[in-house]
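S.K.: Each chain, letter by letter, is given below.
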Amino acid sequence: MSNTAEKTRYSGRPSSDKGLVSWLTTTDHKRIGVMYFITVLVFFTLGGIESGLIRWQLAQAEQTPLTEEIYNQVFTMHGITMVFLVVMPLSAAFFNYLIPLMIGARDVAFPRLNAFSYWVYLFGGIFLYSSFLLGGAPNASWVGYPPISTEAVSNMGFYAVGLNILGVSSLAAAVNFIVTILNMRAPGMTFMRMPVFIWMSLVTNFLVLFAMPIIAVALFMLLADISFGAQFFDPATGGDPMLYQHLFWLFGHPEVYIMILPAMGIVSEILPVGSRKPLFGYAAVVFAGAAIGFIGFGVWAHHMFTTALGPVARSAFGLTTMFIAVPTGIKIFNWVFTMWGGKLRFHTPMLFSIGFVSMFVIGGLSGVMHAIVPHNAQQHDTYFVVAHFHYVLFGGALFGLIAGVYFWFPKVTGRLMNEGLGKVHFWTWLLGFNLVFGPMHMSGLLGQPRRTAVLPAELGGTVELYNLISSIGVLVITGSALVFLYNLVTSVRKGQIAGQDPWDARTLEWLTESPTPHVNFYAIPTVTQRDEFWHRKYAEDDAGRAVAVPAGASEDHVPEDGSGSGDRDTDGSAGDAGHGDGADGEHIHMPDPSYWPLVQTLGFFPAGYGMVYANPWLFGLGLLWLVVGVFGWINEPVAEGDDDEPEDAPTPATAAVR
Amino acid sequence: MGVDHRKLGIWTFLGSEFLFFGAFVAAYLLYLTTTAGGPGVEIFDIPFTSISSFVLLMSSLTMVLAHHAHTQGDLRRMRMWILATAGQGMVFLGGQVFEFNVFVREGLTLTTSPFASSFYVLTGFHGAHVFIGIVLLLSLYTFSLTGKVKPGQHLKTEMIGLYWHFVDIVWVVIFTVVYLIPEIAVLG
Amino acid sequence: MREHHESRRPRRRSTGLLLATALVLAGCSGDQSALSPAGPYAQDPHDLIVIVTVIALVVFVFVQGLIIYSVVKFRTRKDDDGSLPVQVHGNTKLEIVWTMIPAVILAVIAVPTVQMIFSTMEEPEDEHLVVEVIGHRWWFEYYYPDFDVYTANEMVIPTDTPVRLEMIAGDPGHSQDSAVIHSFWIPALAGKQDLLPNHTTFLNMQADEPGTYLGQCAEYCGLSHVNMRARVHAMEAADFDQWVEEQSTPAEVPDGGPEAEGRELFHDLGDRQSCAACHQVWEGDGARSPSQGPDLTHLMSRDEFAGAIVDLDEETLRQWLADPNSIKPMQYEVNGIGMPDLDLTDDELDALVAYLLTLQ
Ligand code: HEA
Ligand code: HEA
Ligand code: CUA
Ligand SMILES: [Cu+2]
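Chains as they are written, first to last, in this note's numbering: chain A, 5 to 662; chain B, 989 to 1176; chain C, 295 to 654.
Keep in mind that a hint or two might mislead.
[Unchecked claim] Computed Cβ-Cβ distance ranges for the label pairs, DEER-style:
#	chain 1	residue 1	chain 2	residue 2	range
1	C	Y626	A	I638	49 to 57 Å
2	C	A571	A	L469	40 to 48 Å
3	B	V1160	A	V46	43 to 51 Å
4	C	F354	A	P315	26 to 34 Å
5	C	D341	B	T1021	39 to 47 Å
6	C	D341	B	I1120	54 to 62 Å
7	C	Q337	A	D508	55 to 63 Å
8	C	V365	A	L489	25 to 33 Å
9	C	T494	B	I1169	28 to 36 Å
10	B	T1021	C	V405	34 to 42 Å
11	C	A571	B	I1120	47 to 55 Å
[What the hints assert, rightly or not] Chain B regions said to be covered by chain A (calculated; three or more residues, Cβ under 8 Å):
#	segment
12	991 to 1001
13	1008 to 1017
14	1099 to 1105
Hints in this document: simulated from the structure, not taken from any laboratory. Values in this document were obtained by computation on a predicted structure and should not be read as measured data. Virtual Cβ for every residue (Gly too), placed ideally from N, Cα, C.
With the sequences and hints as input, model every part of the structure.
M.R.: Structure, rendered in C-alpha cells:
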C-alpha cells in the first residue's frame, strides 16, 4: 500500500501517510477495508472461543463446566458476534476494498463517511463486549425475543443499543456503497457490464438500507421497554411480544441474504477465473440475486411457524419460502455450468468456491425442509435448525468470504498466500466443519433442542455421540484456523511476489498494480465489455475460442511513468476533493485523511451507556459529542462533500457513456 | 445518472427513513386501542394539532422559497426564508412539547400503555427529526454568514430542503394516521 | 453452583443410562425423537418429511454429482496445451429447464404441505379430551377442565383419544405479569407449539400406544430453559379413568407424627413465606385453584419433579427443599421466579419431607 501521490497539505487535516496516525485518520477505502478485515479476525477469534465453550459444555451429557447463566451469555454473544461482528463486516471489508477498484473509481463516494462506518463498527463491537465487565453480557439469544429480553437479568440493554450502533455503521456504509456503485462507475461500465460481485453488493446494500431501519425500530422499542418502562411488549398491559418477532424477522430474513449475497458475488468472480471461462448465464445470476433480495422480504414468518400464526399465514409463508429455492437453484446451476467444459485450476480460492457451492446446497436443502410447515414444528428450535444455518453461514458465507481472502490477498499485499498451507487449510476446514455441523442434523431430529445449557442424558447415547463428534470437530477447525492465520501473517512478508495478474483474472481491479497504488488507477479505464480486463488480454474467435491479444492493448492503462490518457480526470466530481499530484504533475483527486470520523464516533460510548443506564447526562454528553463532531467534520478544510466548485460542473464519470 | 453524490446519498438515506417511520406507524396502528385503561385517542386535540401541522406544512413552502433564492444567488433572501422555516419548525416543536405536557397531565405517559408508548415514541422520533432539521437550518444560516456556504452552492440548501420536506411528508402521514382517522373512527 | 451441579448430574446420568437401556429394550417408546412418531399428529408430518427428504437427497446427489463430475472431468490435465476452453456464455434452454424443474418439484410438495397445515391444526372432529397447558418459568402446569384436576410436569392422557391442548403462558399463578414465551413439545406425539403470554394457542396430540413420551420446552425462556422438561404418560382408557379418580380425591390429612408436624410447617413457617403461599394441597374444602408453584395434592403420584428433570425420591426432595438452586438455578432472590430457598432447619426438612411423602 505504497502511497505514491504526494499531497497538497491543508492546515487542520492530518497529513502523514505512514505510521499509526495515518491509519487512525485514513479515509482510503483500501486501508479501511484492511482495517475491517483485521478487526474481523479478532472478533472471529472471540466468536470462535465462545463456540468452543459451547461445544465444551455439550461434549458430554449432564456436565456443566459453565453454569446455565454463563452458557446463556456465551451462546447469545456467539450468535451476535458471528452475525454482526464477523460476517457482515467481513463483507464490508470486501465492499470497501473492491467496489471502487472493480468499477474503476479512485475511492468511494464519501470517504470520511466510510471511515466513520468503520469506527462505529469497531466501537459498537467494543461496546457490546464491554457488557461482560459490566454485570454480564446479553443472555436472551441473538434474536432477543421479549418478554425475557426486557427483564433486567437479561442484560439486553447492551444488545438493543449495541446493535443499533452497529446498524448506524451498516446504514452509513450502505448509503455510501449504493451511491458509489450508481454514480462512480468508470466510463462504459453499464449495469450489465458490472461484475457480479458489484451487482450482489448493490443488492446487499439495498437490503441493508431497507432492513436496518426495521430492526432499529424493534430495538428502540425494546430499549424503551428495558430502560424507560415503555409498554410495547409487556403482556400485562396488552403489549404483544409477537410484534417484536415480526419486526425482528422482517429484518432478520433479509439479513441472512445480506450475509450470503456478498459471498455469492465473490464466488461468481472466482469460479470463472478458476475455470478460465466466463460466468455461465451472467444475466440469470444477476437477476436471480435481485429476485432473492425481493422475495427475501416476503418470507420472514417462516421463523415463526410455531407461534400464534394461523393456518392461512402458515401456508402463505411456507409457499414463499419454498419458492426462494428457485432463484437460488438458478445460481447454483449456473455456477456448476461455469465449471462445465472449462479447464479448472484448483488453487485455494477455487477450492473454497467449490466448497461453497457444495456446502451451501446442503444448507439450502435443509432450509427447504424447514419450509415444510407441518414438520417445521418438529425441527424448529432444534439442532436441525442449528445445522441448517451453520451450513449456509459457515459452509456458505464464510467459505465464500475466505475464498475471497485468498483470491484478493495478492491484490492487497502484492504477495500470494502459500498454496500448500492454503490447501491444508481448505481440507481441514471442510473436514472440521462437516464434523461439527453434519451430526447436528441427526441430533436435532432425535430431539436435541437448541439454546439448552445442558445436554440431557435422556436423549440417549446416539445423541451424545453426535455431540461428542461435533465437539471434536471444533478442535479440527481451530487447528485449521491457526494454519490460516499463520499463512496470512507469514505471507504478508514472505509470500511469493504476485505480479499484477496472478490468477489470469477478468475484472478491473487487476488492471492496476498489486499492491494497489494509492490512486488506484493512474488513469481511469474505459470499459467496453463485461470482464473488461480479460478482453484486453484475449479476444474470442468465431468458435468461441479465446486467443491472446498482444500486450499493450490496454490503451488507457498508464504504467508508472504516468503518460496519462485523456479520460484521466473523469471522476473529478465535486465529491472527492483532496488533491494529489499524479506522477506527471497532473492533479489526481484523492480524499484527505481526517481525525473527525474517529473523534466523533467515540461519542457513541457516552451516548450508548447513557441509553443502557437511562442516564440523561451521559446520553446528553454523547449527543453533544456527536453533534460537535459533525461540525468539526463540516468545518474541516476541503473535503469530499464540499462543493467549492460551481454547482453545475459536469458530473461523474459514468454520465459520459449511456 | 448525473445526480450529485450527496443528493443521491440523501435520497438513499430517506428511502431508509421511510421504513423506519413505516414500522413505527404499523406498531401504533396495532396498539391503537390497547390503552390498558388509560387515555386513548379521544385525548387528542385535533384543532390544536391541525394548527401546528399547518405551520409545519407552511414551512415546506418557505423552504422552497429559500432554495429558490439560493439558486438565484440571493443569500440575503435565502437566509430570511431559512429563518422563517426554522422558526416554523420551532413553533411546531413547541406545540408538540405543549401537547405532550397536556397529555401527561391527563394521565398519558410513556409507561401507561402500549398505545401511549407507541404514540410517544412515534411522534417523539418525528420531533427529533424536526429538531435535527432545525439544527441543520440554523447551521446553514450561520455558514452562509461566515462564507462557508457560498451563493453558488445551493445544493446544500437543496439537500437540507429534501430532508425537511421528507420530515414534513412524514408528518402528514402521521397526522392523518395517528390523529385524524382514529379520532374520526372513535367519535363516528 | 458448580459443586451442586456435580452432586446432581452424575445421578441423573445413571438414570439416563438406565433409561437408554430400557429404551433399547422397549423399542422406541419413550424417547424424544421426531423420527419415531407414536400418534397420527406426529405420523402425518413425518410421512411428509420422509418424501421431502428423499427429494432433497435426490437433488443433493444430483448437484454434488454434477460438481464432482465437473471437477474430475474438466480439471486441467498435465498434458494441457495451455489453450483456453471454449468460451460459453450461457444457454437459454438450460436456464429455463433449471428454473422450471425445481419450481415444479416445489409445487408438487406444496400441495400436501398446505393440506396438512390445515388438517393438523383444526379441532379434532371425534370426541376429544381437553387439557389446558400453562407454561411457567420453568415448569409446565396442566389443568383438566372436565375433571377439575391440576397436575404438573407429567401429563397423563388416554390412548387412542385425540387430545386438544389449550395453551397459555403465565407467571406467577395464571397472571400475565412477567410471563414469557414457552413451547410445548412432545416429538413423538406432535410438533411443538408456542405458549404465549396473552394469547391462547392450540395443539392436537394423540398417542396410539401406552407409554411415556419425553419432551422439552422448546422456546428459549431464560436461565433454566434447559431444565423445563415435560412428559406425557399415555395409558389405556381404564387406567386413565382410575388416574382421574385418584387425582380427584382430596389429600389425606396426617393425624400425628412428623407428617402432621410437616403439614403444620407447610402452612406456617413463621416469618418466612409458607409453602402454602405458593402451593396447594387440596384437602377437600374450597376449590382447587392454580397457584404460583405446582399443585402438590398428589405430588407422589409423579415420577419426576422440578420440571421433570430429577427423579422424585426422598433424598432429592430433601435436597430440593434445602437448596432448590442446586437442582435447578432459578435466582428467586433476584427476580422472584421459581422456588425460594427458605433456610429450613434439618428438623423442618425432616418433617416437611415426611409430609410430602404422604401426598400419594
Ligand atoms: C446465510 C444465511 C441463510 C440462508 C442463505 C438461508 C437460506 C434459507 N433458509 Fe434459513 N436460516 C438462517 C440463515 C440462512 N438461511 C438462519 C441464521 C436461521 C436461524 C435463525 C435463528 O432462529 O436463530 C435460519 C432459519 C430458517 C428457517 C426457520 C427454521 C426454524 O427456526 O424453524 C427456515 C424455515 O423455512 C429457513 C429456510 C430457508 C430457506 C428455504 C432458504 C433458501 O434460501 C435456501 C435455498 C437454496 C437451496 C434450496 C439449494 C439450492 C437449490 C437447488 C439446487 C435447486 C433445486 C432445489 C429444490 C428443488 C428444493 N431458514
Ligand atoms: C456466521 C455465523 C456463525 C459461525 C461462523 C458460527 C460458527 C460456529 N458455531 Fe455458531 N451460531 C451462529 C452463527 C455462527 N456460528 C448463530 C447465529 C447462532 C445462534 C445463536 C442463538 O441461538 O442465539 C449459533 C449457535 C451455535 C450453537 C448452538 C448453541 C445453542 O443453541 O445452545 C452451536 C453449538 O454447537 C454453535 C457452534 C458453532 C461452532 C462450533 C462454530 C465454529 O465453526 C467456529 C469455528 C471458529 C473457531 C474455532 C475460531 C478459530 C480461530 C482461532 C482459534 C484463531 C484465529 C485467530 C486469530 C485471527 C487471531 N453455534
Ligand atoms: Cu420454557 Cu423454555
Ligand atoms: Cu429466514
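S.K.: For each hint, tell me whether it holds in the structure or not.
M.R.: The hints, checked one at a time:
no. : hint                            : verdict
1   : Y626/C with I638/A: 49 to 57 Å  : 55 Å, holds
2   : A571/C with L469/A: 40 to 48 Å  : 46 Å, holds
3   : V1160/B with V46/A: 43 to 51 Å  : 47 Å, holds
4   : F354/C with P315/A: 26 to 34 Å  : 30 Å, holds
5   : D341/C with T1021/B: 39 to 47 Å : 44 Å, holds
6   : D341/C with I1120/B: 54 to 62 Å : 58 Å, holds
7   : Q337/C with D508/A: 55 to 63 Å  : 57 Å, holds
8   : V365/C with L489/A: 25 to 33 Å  : 28 Å, holds
9   : T494/C with I1169/B: 28 to 36 Å : 30 Å, holds
10  : T1021/B with V405/C: 34 to 42 Å : 39 Å, holds
11  : A571/C with I1120/B: 47 to 55 Å : 53 Å, holds
12  : 991 to 1001                     : holds (count 8)
13  : 1008 to 1017                    : holds (count 4)
14  : 1099 to 1105                    : holds (count 6)
Consistency with the previously given hints is maintained throughout, with no hint failing.
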